[in-house]
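Participant: Sequence:
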Amino acid sequence: MIKTFNNAMDLYQDGFFKIDKIEQTENRLYLTLSLYKEALGQTAGRYQQWLLTCSEVKESSINLQDTFFYVELQQEHLALFKYQKPFFMIMGPEHIYKNEIIYGKLFVEIQSFALKYGSKKFANEFMPDLDAFSDQLVYLCNGPQEILDIYSRVLVAESLQVTALPHRQIYSDNGREQILLFGDSSYIVAENFEATAIEL
Numbered sequence: 111m112i113k114t115f116n117n118a119m120d121l122y123q124d125g126f127f128k129i130d131k132i133e134q135t136e137n138r139l140y141l142t143l144s145l146y147k148e149a150l151g152q153t154a155g156r157y158q159q160w161l162l163t164c165s166e167v168k169e170s171s172i173n174l175q176d177t178f179f180y181v182e183l184q185q186e187h188l189a190l191f192k193y194q195k196p197f198f199m200i201m202g203p204e205h206i207y208k209n210e211i212i213y214g215k216l217f218v219e220i221q222s223f224a225l226k227y228g229s230k231k232f233a234n235e236f237m238p239d240l241d242a243f244s245d246q247l248v249y250l251c252n253g254p255q256e257i258l259d260i261y262s263r264v265l266v267a268e269s270l271q272v273t274a275l276p277h278r279q280i281y282s283d284n285g286r287e288q289i290l291l292f293g294d295s296s297y298i299v300a301e302n303f304e305a306t307a308i309e310l
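When we follow our numbering, the leftmost residue of the sequence shown carries the number 111, and every step to the right adds one.
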């Protein structure tokens with residue numbers, strides 16, 4: 111399915127994608143996706159169009175104003191961790207709150223980890239949330255074992271300790287969730303995606 115979109119893009123050097131329309135029912139999204147022609151910075155026509163049906167949708171971030179140049183389907187991605195792995199509530203000592211050195215080290219480590227999944231933009235989800243306190247501990251973030259390991263490694267190197275509690279969130283553990291990326295800005299997490307060409 112995704113090859114269909116990107117193969118069409120390869121045919122036209124002046125093309126770009128745009129989502130024209132979104133309809134939602136209980137756990138389904140229906141998107142009308144078009145490949146447009148650009149001329150002198152303006153939309154000059156439509157090459158192809160598809161109806162994309164997304165079922166068992168878990169979350170989405172779609173902006174109808176965005177244009178993009180590729181569509182990518184992934185089974186491994188930072189945004190999928192919350193559905194596929196047990197999470198921990200990660201906390202640390204209160205004085206982390208104003209320690210820019212520790213924050214910087216965490217930023218570098220988490221960004222490097224995110225790059226392994228090609229999802230640098232989603233790394234911010236696992237950066238410290240420095241606004242919440244609890245009994246001398248700072249709530250840092252919720253994350254899976256891999257993120258907990260990063261926090262432990264960075265804080266232990268600074269002679270600090272991490273506290274981790276099992277998070278109550280329910281993850282599906284069925285491995286069926288996938289993420290469909292529309293360029294760098296929009297995405298849908300769902301279990302199934304089907305595309306049907308629309309005649310113009």
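Calculated from the structure, these hints are not laboratory results. Among these hints, one or two may not hold up.
[Stated by the list, open to error] As a list, the in silico SDA-like pairs of lysine to any residue whose alpha-carbon atoms are at most 25 Å apart:
# : residue 1 : residue 2
1 : K131      : L310
2 : K226      : Q159
3 : K195      : E166
4 : K226      : S144
5 : K128      : S144
6 : K208      : E166
[Unchecked claim] With beta-carbon atoms standing in for the labels, derived distance ranges:
# : residue 1 : residue 2 : range
7 : E204      : N137      : 34 to 44 Å
8 : I112      : F217      : 51 to 61 Å
9 : N284      : A307      : 28 to 38 Å
The structure displayed is predicted, hence computed values, not measured ones. Where a beta carbon is used, it is the ideal one built from N, C-alpha and C, also for glycine.
Participant: Does each hint hold? Answer for all of them.
Facilitator: Hint check results:
Between K131 and L310, the direct Cα distance comes to roughly 16 Å. Compliance with the 25 Å bound is thereby established for this hinted pair. About 32 Å separates the Cα atoms of K226 and Q159, which puts this hinted pair outside 25 Å; it is violated. For the suggested pair K195 and E166, the alpha carbons sit about 18 Å apart, so the restraint of at most 25 Å is met. The hinted pair formed by K226 and S144 fails the criterion: a straight-line CA distance of about 30 Å is larger than 25 Å.
Taken as a hint, the K128 and S144 pair is honoured in the structure, with Cα atoms around 6 Å apart against an allowance of 25 Å. Proposed proximity of K208 and E166 is contradicted: the alpha carbons are some 41 Å apart, above 25 Å. Between E204 and N137 the C-beta distance comes to about 41 Å, which sits within the given range of 34 to 44 Å. Look at I112 against F217: about 31 Å separates their beta carbons, and that is not inside 51 to 61 Å.
Checked against the hint of 28 to 38 Å, the pair N284 and A307 passes, with Cβ atoms roughly 30 Å apart.
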